[in-house]
Amino acid sequence: MNQYQPLACTAEAGAYQKSWTAELRSAISSGAQYAFANADTPHEIFHAMGMPVVTNQWWSAVIAAKQLSTYYFDRMAEMGFHDRLARYSSLPLIAELDGDRERQPWGGLPRPAILCARQSTEDHQRIFDLWAAATGAPQFLFSAPGAPDPQPDWWIRARHDWEALFGSDRLDLMVAEIRDLIAKVEELTGRDFDGAAFSLYMDAIHRQEMLFEEANALVASAERCPIRIAEQIPNVMIPQWHRGSPWALSHARRFLDELADRVERGIAVCPGERVRMMWIGAGLWFDTGFYAAFEESHGAAFVWSMYLPFAADGYIRHDKGDPLRTLAARFATMNEHLHQPPWVNEWLVHQARTYRIDVALMLVPRHDRYSGYGSRFARQALEAAGVRVIEIWSDMVDPREWDRRAMYELVSGELERNGYGPA
Amino acid sequence: MRAVAEPGTSVGFIGAGLPSALALAGGIVAIDVECLEAPSDMPAPTGELVEPFVDARVRRVLSQLASDQLAGIQALVFCRDDPVGHIAYIYAQELRRQELISATPSFFLWNLVHRSGASVRTFNEVQARRLEDFLVGCGGARWSAAALVGAIEREGARSTARRALIDATRLARISGSEAFLLWRAGGRLAPEAHAERIEAALRGASNPANGAMRIGLIGSPVVDPHLYRALERHGRIVADPHPAGLAVMPSVPVLEGDPLSAILKAEAENPFALRGLPVARNHAAIVAACVAAGCDTVALQFDPNDDHVGWDAPALRRALRDAGISLVELGFVPAEPAALDGWVDDAMTASGSFA
Chain A
118 MNQYQPLACT
128 AEAGAYQKSW
138 TAELRSAISS
148 GAQYAFANAD
158 TPHEIFHAMG
168 MPVVTNQWWS
178 AVIAAKQLST
188 YYFDRMAEMG
198 FHDRLARYSS
208 LPLIAELDGD
218 RERQPWGGLP
228 RPAILCARQS
238 TEDHQRIFDL
248 WAAATGAPQF
258 LFSAPGAPDP
268 QPDWWIRARH
278 DWEALFGSDR
288 LDLMVAEIRD
298 LIAKVEELTG
308 RDFDGAAFSL
318 YMDAIHRQEM
328 LFEEANALVA
338 SAERCPIRIA
348 EQIPNVMIPQ
358 WHRGSPWALS
368 HARRFLDELA
378 DRVERGIAVC
388 PGERVRMMWI
398 GAGLWFDTGF
408 YAAFEESHGA
418 AFVWSMYLPF
428 AADGYIRHDK
438 GDPLRTLAAR
448 FATMNEHLHQ
458 PPWVNEWLVH
468 QARTYRIDVA
478 LMLVPRHDRY
488 SGYGSRFARQ
498 ALEAAGVRVI
508 EIWSDMVDPR
518 EWDRRAMYEL
528 VSGELERNGY
538 GPA
Chain B
5 MRAVAEPGTS
15 VGFIGAGLPS
25 ALALAGGIVA
35 IDVECLEAPS
45 DMPAPTGELV
55 EPFVDARVRR
65 VLSQLASDQL
75 AGIQALVFCR
85 DDPVGHIAYI
95 YAQELRRQEL
105 ISATPSFFLW
115 NLVHRSGASV
125 RTFNEVQARR
135 LEDFLVGCGG
145 ARWSAAALVG
155 AIEREGARST
165 ARRALIDATR
175 LARISGSEAF
185 LLWRAGGRLA
195 PEAHAERIEA
205 ALRGASNPAN
215 GAMRIGLIGS
225 PVVDPHLYRA
235 LERHGRIVAD
245 PHPAGLAVMP
255 SVPVLEGDPL
265 SAILKAEAEN
275 PFALRGLPVA
285 RNHAAIVAAC
295 VAAGCDTVAL
305 QFDPNDDHVG
315 WDAPALRRAL
325 RDAGISLVEL
335 GFVPAEPAAL
345 DGWVDDAMTA
355 SGSFA
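Top line first, the protein sequences correspond to chains A and B.
Heads up: the first sequence is residues 118 to 540, going by my numbering.
Heads up: the second sequence is residues 5 to 359, going by my numbering.
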């Protein structure tokens, strides 16, 4: 029996977020405002102006983790939407349209003061338009022009050379739209944007992401993986949703310290670790227990998910004296880096080498196509780098086509065919 | 058919959103590569790198590239604000980076943003100047104000003919299938030749199909005439405001001040653009087109990979019902053209509209 013990900070992160959500509901009933926003939008503006943010994809993951998504996707069909539309970004909308807040986790979300998305996919503007119609909240949409000349080594160049990497025209547009968002939030809150305070806040975020970079290096270089990815994710993403806040910074530090202690003491997820695996794609939110399914039987541990390394590579942008432009450089191509070639394939190969990966499980969500495009390029690149790739055709929040037993057999069969027999 | 429809330099494009006046102003003919032949299968290894949920239209242009079928055109412009152009660009760029397709034609991402406002205007003007530089590199001329005005006027003649075609379709003087083919022919013809072809067809079209059920066609973009023919076994398509239909062209640029700004504004504010804002304006334009055509019923269909038009369905259903127009729910378009007739018949029967 695996004696793996979670980090102490894991429970703290979960408790913090649950209590934050409860306090948010209470504060809103007293007149406070919050923003409901997609993950690839500059939450920094809302945070800097004292407006809490609920992230669409986080709330989607919570609904799925509470095993509520089957009900909502059945409702989605009853509402007249066809069954091939994307699920991850739309699950909270369907819960909102359903209207029964008591069914939602923690009593549901109150009405947001503003909705914010980026037009990185065609459906985001439509999903947020429906949200706006349902709640009466104004929506703010960022444009998402394409990258004319995508450079494969984005994670290197995006740190310092981001002006050339993303293009001045695209950054100019994003900065102009960020200024428009600031004006909108000023109008909603009656507060003025403080440029000097924002600069300090951006610096705090930078320090937080540097801590995550250290944590990432620790996990990657440890002889055996010290933390399950199901634990990595809340320890990274909950602070990311509150990035730059005193709690987030201190939590990132605590997470790093606990990891360092574990590595020093040789504590491992899987003491008999023989196979190092990566989970490619968003989390399997309705069944995160799957990540531990092969530890005992095959000595196979998931050591990598995108959330920890992306906290560094996706967020660290060195300031050149203009914090708003630095912020624009963080978001101009954020989601695309994770899903489109050449960015995703080259980054995954780099990550696989850094983490000494043997096997990759790749989530291919056929109805969330922008998360699935480029999967074959990624597979090809990983296999060329010596990584065995297993495609998992499923969805991050919809369990209706997920068969845990069949998936276990698929993966264990592949492991065994590749010489990784039962431990 | 090879990609040389007119003398001079020709540049291909994929997806909606490239104002053809911009190519014309540089002495270049823009050709919609969806009007050109494509191999039925994607050759290996390209085919193995494209997931099954990638649109048939994207697969088609990738097949053209992988089989060197676009070698006759010098350059290919991908329209970012149309998912077909955007996704095709992502895949084509990567295939080229991996040297799996040839180095010609050269690629250009047309990044025009379909919104209004000062910052978007500035951005779109930068994109236009970038396009101009690219087309000059292909052998085109720099855009003078006079050339831009001349191009607007030439496109104006095409627009006039297209409006006459829309009117003739609404009056059921010409079938929706014929109108659709005439419309699509513009993807490889200069404006004058296109206008002449439409005018000639309209001169010969004089038999109104009075009494036939008047059908509207909405939903995912349709670029294949088979669906039109299958529907017209039940009546006449008199409106087709889907994203590739007759009504979707932008308004004629208003020539007040800078002609380039006028061209860009007309395209950026096209209410039928897929990524245009606000969404309600798009819904209103679709319903208005169906109402103006006096549709008895509207057929709603989805591409098998649709991931955006489907979000509009409940709102469109409500708006059509409020306008007193019945709806036929076709569902997902079958991949095989031979299955279309039965598929349409079943939906018509289910809706009580079978003719």
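Rather than coming from a laboratory, the hints here were simulated on the basis of the structure.
Hints may contain errors.
[Unchecked claim] Just a few of them, taken from the derived set where beta-carbon distance is under 10 angstroms, the chain A residues facing chain B:
| # | residue |
| --- | --- |
| 1 | Arg-218 |
| 2 | Gln-221 |
| 3 | Asp-286 |
| 4 | Arg-391 |
| 5 | Gly-491 |
[Unchecked claim] Using 20 angstroms as the maximum straight-line C-alpha spacing, the simulated SDA-like pairs for lysine to any residue come out as follows:
| # | chain 1 | residue 1 | chain 2 | residue 2 |
| --- | --- | --- | --- | --- |
| 6 | B | Lys-269 | A | Asp-286 |
| 7 | A | Lys-437 | A | Ala-314 |
| 8 | A | Lys-437 | A | Arg-276 |
| 9 | A | Lys-301 | A | Phe-315 |
| 10 | A | Lys-183 | A | Arg-521 |
| 11 | A | Lys-183 | A | Arg-517 |
| 12 | A | Lys-301 | B | Lys-269 |
| 13 | B | Lys-269 | B | Ser-255 |
| 14 | A | Lys-135 | A | Arg-218 |
| 15 | A | Lys-437 | A | Arg-218 |
| 16 | A | Lys-183 | A | Val-171 |
| 17 | A | Lys-135 | A | Ser-362 |
| 18 | A | Lys-301 | B | Gly-121 |
| 19 | A | Lys-301 | A | Gly-167 |
| 20 | A | Lys-301 | B | Ser-123 |
| 21 | A | Lys-183 | A | Thr-138 |
| 22 | A | Lys-301 | B | Gln-131 |
| 23 | B | Lys-269 | B | Ala-107 |
| 24 | B | Lys-269 | A | Gly-307 |
| 25 | A | Lys-301 | A | Ala-314 |
| 26 | A | Lys-301 | B | Ser-120 |
Values in this document were obtained by computation on a predicted structure and should not be read as measured data.
The beta carbon of each residue, even a glycine, is placed where N, CA and C say it ideally should be.
Tested hints:
no. : hint                  : result
1   : Arg-218               : 21 angstroms, violated
2   : Gln-221               : 21 angstroms, violated
3   : Asp-286               : 5 angstroms, holds
4   : Arg-391               : 31 angstroms, violated
5   : Gly-491               : 7 angstroms, holds
6   : B:Lys-269 x A:Asp-286 : 18 angstroms, holds
7   : A:Lys-437 x A:Ala-314 : 16 angstroms, holds
8   : A:Lys-437 x A:Arg-276 : 11 angstroms, holds
9   : A:Lys-301 x A:Phe-315 : 17 angstroms, holds
10  : A:Lys-183 x A:Arg-521 : 17 angstroms, holds
11  : A:Lys-183 x A:Arg-517 : 14 angstroms, holds
12  : A:Lys-301 x B:Lys-269 : 24 angstroms, violated
13  : B:Lys-269 x B:Ser-255 : 9 angstroms, holds
14  : A:Lys-135 x A:Arg-218 : 16 angstroms, holds
15  : A:Lys-437 x A:Arg-218 : 45 angstroms, violated
16  : A:Lys-183 x A:Val-171 : 17 angstroms, holds
17  : A:Lys-135 x A:Ser-362 : 17 angstroms, holds
18  : A:Lys-301 x B:Gly-121 : 15 angstroms, holds
19  : A:Lys-301 x A:Gly-167 : 14 angstroms, holds
20  : A:Lys-301 x B:Ser-123 : 16 angstroms, holds
21  : A:Lys-183 x A:Thr-138 : 15 angstroms, holds
22  : A:Lys-301 x B:Gln-131 : 27 angstroms, violated
23  : B:Lys-269 x B:Ala-107 : 33 angstroms, violated
24  : B:Lys-269 x A:Gly-307 : 34 angstroms, violated
25  : A:Lys-301 x A:Ala-314 : 19 angstroms, holds
26  : A:Lys-301 x B:Ser-120 : 17 angstroms, holds
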